[in-house]
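Protein chains in written order, with the numbering used here: chain G, 1 to 264; chain S, 1 to 264; chain E, 1 to 264; chain X, 1 to 264.
No wet-lab data here; the hints were simulated from the structure. Predicted, not measured: the structure shown is a model, and the values here were computed from it. Possibly wrong hints are sitting among the right ones.
Treat identical chains as interchangeable: a pair holds within one or across any two.
Unchecked claim - Dumping the calculated DMTMM-like pairs for lysine to aspartate or glutamate here, alpha-carbon to alpha-carbon at most 25 angstroms: (1) Lys179 - Glu157; (2) Lys179 - Asp133; (3) Lys179 - Asp132; (4) Lys232 - Glu15; (5) Lys206 - Glu61; (6) Lys206 - Glu238.
4 protein chains.
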Amino acid sequence: MCRWIAYRGELTALEHYVTEPAHSLISQSINALEATASVNGDGFGLGWYGNHHPEPGLYREIRPAWSDENLRYLCRHLLSRLFFAHVRAATGTAITRANCHPFACGTWMFMHNGFVGNWSRLRRRVEALIPDDLYPSRTGTTDSEAIFLAIMGAGIEHHPLAATEKTLATLTEFVNQNKPADRMRFTAALSNGKDLYAFRYAVNDKANTLYYRESADSIVIVSEPLDADHKKWIAVPENHALIALAGERARIQPLLQVHREAAE
Amino acid sequence: MCRWIAYRGELTALEHYVTEPAHSLISQSINALEATASVNGDGFGLGWYGNHHPEPGLYREIRPAWSDENLRYLCRHLLSRLFFAHVRAATGTAITRANCHPFACGTWMFMHNGFVGNWSRLRRRVEALIPDDLYPSRTGTTDSEAIFLAIMGAGIEHHPLAATEKTLATLTEFVNQNKPADRMRFTAALSNGKDLYAFRYAVNDKANTLYYRESADSIVIVSEPLDADHKKWIAVPENHALIALAGERARIQPLLQVHREAAE
Amino acid sequence: MCRWIAYRGELTALEHYVTEPAHSLISQSINALEATASVNGDGFGLGWYGNHHPEPGLYREIRPAWSDENLRYLCRHLLSRLFFAHVRAATGTAITRANCHPFACGTWMFMHNGFVGNWSRLRRRVEALIPDDLYPSRTGTTDSEAIFLAIMGAGIEHHPLAATEKTLATLTEFVNQNKPADRMRFTAALSNGKDLYAFRYAVNDKANTLYYRESADSIVIVSEPLDADHKKWIAVPENHALIALAGERARIQPLLQVHREAAE
Amino acid sequence: MCRWIAYRGELTALEHYVTEPAHSLISQSINALEATASVNGDGFGLGWYGNHHPEPGLYREIRPAWSDENLRYLCRHLLSRLFFAHVRAATGTAITRANCHPFACGTWMFMHNGFVGNWSRLRRRVEALIPDDLYPSRTGTTDSEAIFLAIMGAGIEHHPLAATEKTLATLTEFVNQNKPADRMRFTAALSNGKDLYAFRYAVNDKANTLYYRESADSIVIVSEPLDADHKKWIAVPENHALIALAGERARIQPLLQVHREAAE
Chain G
1 MCRWIAYRGE LTALEHYVTE PAHSLISQSI NALEATASVN GDGFGLGWYG NHHPEPGLYR
61 EIRPAWSDEN LRYLCRHLLS RLFFAHVRAA TGTAITRANC HPFACGTWMF MHNGFVGNWS
121 RLRRRVEALI PDDLYPSRTG TTDSEAIFLA IMGAGIEHHP LAATEKTLAT LTEFVNQNKP
181 ADRMRFTAAL SNGKDLYAFR YAVNDKANTL YYRESADSIV IVSEPLDADH KKWIAVPENH
241 ALIALAGERA RIQPLLQVHR EAAE
Chain S
1 MCRWIAYRGE LTALEHYVTE PAHSLISQSI NALEATASVN GDGFGLGWYG NHHPEPGLYR
61 EIRPAWSDEN LRYLCRHLLS RLFFAHVRAA TGTAITRANC HPFACGTWMF MHNGFVGNWS
121 RLRRRVEALI PDDLYPSRTG TTDSEAIFLA IMGAGIEHHP LAATEKTLAT LTEFVNQNKP
181 ADRMRFTAAL SNGKDLYAFR YAVNDKANTL YYRESADSIV IVSEPLDADH KKWIAVPENH
241 ALIALAGERA RIQPLLQVHR EAAE
Chain E
1 MCRWIAYRGE LTALEHYVTE PAHSLISQSI NALEATASVN GDGFGLGWYG NHHPEPGLYR
61 EIRPAWSDEN LRYLCRHLLS RLFFAHVRAA TGTAITRANC HPFACGTWMF MHNGFVGNWS
121 RLRRRVEALI PDDLYPSRTG TTDSEAIFLA IMGAGIEHHP LAATEKTLAT LTEFVNQNKP
181 ADRMRFTAAL SNGKDLYAFR YAVNDKANTL YYRESADSIV IVSEPLDADH KKWIAVPENH
241 ALIALAGERA RIQPLLQVHR EAAE
Chain X
1 MCRWIAYRGE LTALEHYVTE PAHSLISQSI NALEATASVN GDGFGLGWYG NHHPEPGLYR
61 EIRPAWSDEN LRYLCRHLLS RLFFAHVRAA TGTAITRANC HPFACGTWMF MHNGFVGNWS
121 RLRRRVEALI PDDLYPSRTG TTDSEAIFLA IMGAGIEHHP LAATEKTLAT LTEFVNQNKP
181 ADRMRFTAAL SNGKDLYAFR YAVNDKANTL YYRESADSIV IVSEPLDADH KKWIAVPENH
241 ALIALAGERA RIQPLLQVHR EAAE
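If we strip away everything but chain G, and leave its shape as in the complex, we get (with noise of 0.2 angstroms):
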């Protein structure tokens, strides 16, 4: 089922998110606590903003995060003012790097937890939302990686909001098209470098968790606490994004209000 944490604010060392914690992200790969699937041993990721370059470095392996010494060397030694880090369950698709999070494109980075019920039925769908010119990079066979190809195709430069909701609305459409309709969950994370962008909803299903923490520099977002100072954190309510632009204080909006009522 996944576990994540997204980091915007003064340049630090990942461990300080990633290792250190009380209940860190790697921790969470071996138990979490508010996830369907405790144990998320199915690979990891990592993908970094830096200073010389407009594209994310990535760190992607298949073994569990618990165990590779690259890891913490790595969270020790990169310093970011923008990073992803994620633990993987997997929901049926293959251990490779190639469908391990955060996935890249461009300047773009995006990791998912959740699932597309019924994903090898619709997943000729969800990839025919990929434009010819992106399918290159369709590198896996995540419905993660399809879905952020599809919003990449959507129309992210100019409207990133207005893309992920379009795909949404798609996706929403095509699990409902199912009899019986199928559930989808997303709650993922979604940034150029600049802007950070989480979204929390669900399709005839509960939404998975989704927690924020912000301070007068920085904002972390996590799947769940790093601590046990819950109260510290906030969270986000089902169907509803979080927007939190380069220099502005985070705010929440509903997603896919209209398509939704529709719907209902």
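Could you slot chains S, E and X onto chain G? The hints should help.
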């Protein structure tokens, strides 16, 4: 550019063909002689039929064949009457197990040496040849796997040779439609556990080498000879198929004669 | 803390014990019930004896057993009259194939669940028990492999039980010499391809669980029962050995009675 | 036989040395020109010093360097003033991360190209040179790591050069004591994050190649030149050390003059 071997005959340990000969497949993994790439270190695979299941077993790994101790144990202990072995030199797609040969689907098994030129441009069209019910078997991203599933969908059960020719004819059209025309090479093996087929084909290019050796009770088909005694090995001509039906002597026949003449 | 299974009996596919049962070894890899660690995701291994070689075959991998497609194929296609399977929860040493169980040396095979307390302090002394001619077989860094090679060097060919007891007595001295005394747990299986031995032993600690089930023609020895029908499984008492010589019924006898009494 | 590169100078992205040059370390991994083995596909490693920790970071992997997408991202995004990179051709020990170079211990880092002849016979004696308090750092099984830890234990902090010479003298004795005498090659780099040492040494054999290039503010030391402009690269003579102390020009001095003369 890949190297492979296919065997059918008396029950034998794989080691007699995969690891022991002077120029065994393992030695070809680090030092192939007749290939464009002399190093075939981008993963490998074994596929074998046993007595208890109609479906083959697979062992595929992303590390080089020459250093895999598991492979040596398995070649020593696995016995089979029909097996494939393959070492990979990737032509642009990821180093994942799902991209390693052989591929299996139901009782059929396939492996390939070659490429479809401009794969990233043609990929979608080739994937569209895969029927919906077989699309869940598309677990990797190679041209090889897509071609195999296209052949599967073209009527392999009743007419494996016609299904392969039909698919090759379509691929030939695809690469010839580009301006300038793309190249394609296809030297492959196919089996249902009883019959064994091999193909040596190319469009706008020279075909990769293919040899075989037949005795009273066995046939061995290879990318390049396993030993220095070259006169024991018969070269399959370009654009021909080698057909070794169960209980029959192997025969060689032209591939796609009509289509290719029309194109000339 | 590791989980394992040892089988001797009629020729069988490994899948009937490793992957199929309700609480199979694979399900124990992600959800063990009687172990200190419920996740055994730090690699795994199979070892099996065949008809053609006195030495066992090995398949060991560092990824979790639950996601390894090769393992499923091999369990389906490998048949054996005597095999070991093991899922690992590392206790401080690296996740490498050489540190995965079972270990093989000549015709002997060994696997272990437990630890030698304060291993980094005792390692050199235990490694010194390995005779020079066996030291090249020391390819990993675990306590388990070192103990196995020490047992090998203590006269395993003629007196496997005495060699094991002698080694355990030495280890008992080692851990008792530290102030405060260290703990040690040793629940292990040993075989030469014909006879099967299992041990349940601990010093200054509670021994890990060990069960077996015997029928007219087979014996299965496990860390924890493979199904909910617990009354079919007999628990081996602490500090006892289970001895299943070829062609004989299994018997249970105390381990190290003299030594341990002397220490009390 | 391994290939490596060591850099000290202005803060730089590793890619300018590891992946970009015409004959970069990555291209040497599949096609080395001055090595006994042209393929160095048995794993690789990066080690680098940063601004925030005196200990280096490490990234080591067992797959070939040429196909590792993580390596390309890291070489692009990691910046350092002093780093090592290494591609491995194993000489008999396992392909594990712990056997990949560079090795780190405290603030020191080491990498090696060469071998100790008859390693399986000499291993115990070399391991015995490692002091007890450093023995927990012995996580692999290579001659290279054992030699490094022996140098560490021979007084590296105060006299790195003398510690290396003392260790090489002992190794020289070891290989000369066998009848017939064994061979040994040692071309290595050593650093504490400030000073940089390289060694080119052999006993009863020809030493592996070693070159360097120095500018006003940087020094690059390599197994073989990174480009075709060979006159820019200075060969270090056999049995010499290259000493590049922080803030000083590099100098070359004979290694082990006394010991070797005594042996002649």
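Legend entry - Alpha-carbon proximity between lysine 179 and glutamate 157, which holds within one copy, between copies, both or neither at 25 angstroms: Answer is neither: 35 angstroms inside a copy and 32 angstroms across each miss the 25 angstroms cutoff.
Inset, instruction - At 25 angstroms max between alpha carbons, let me know whether lysine 206 reaches glutamate 61 within a copy, between copies, both or neither. - result: neither (29 angstroms within a copy, 37 angstroms between copies)
Legend entry - Copy assignment of lysine 232 with glutamate 15, given that the CA separation must stay at most 25 angstroms: Classified as within: same-chain Cα gap 20 angstroms, cross-chain 41 angstroms, threshold 25 angstroms.
Legend entry - Homo-oligomer pair classification [aspartate 132, lysine 179; C-alpha up to 25 angstroms]: between (30 angstroms within a copy, 18 angstroms between copies)
Legend entry - Alpha-carbon proximity context of lysine 206 and glutamate 238, limit 25 angstroms: within (8 angstroms within a copy, 48 angstroms between copies)
Inset, instruction - Evaluate lysine 179 and aspartate 133 at a C-alpha cut-off of 25 angstroms and name the case that applies: within, between, both or neither. - result: between (33 angstroms within a copy, 18 angstroms between copies)
Going through the hint list in order, the structure does not satisfy hints 1 and 5.
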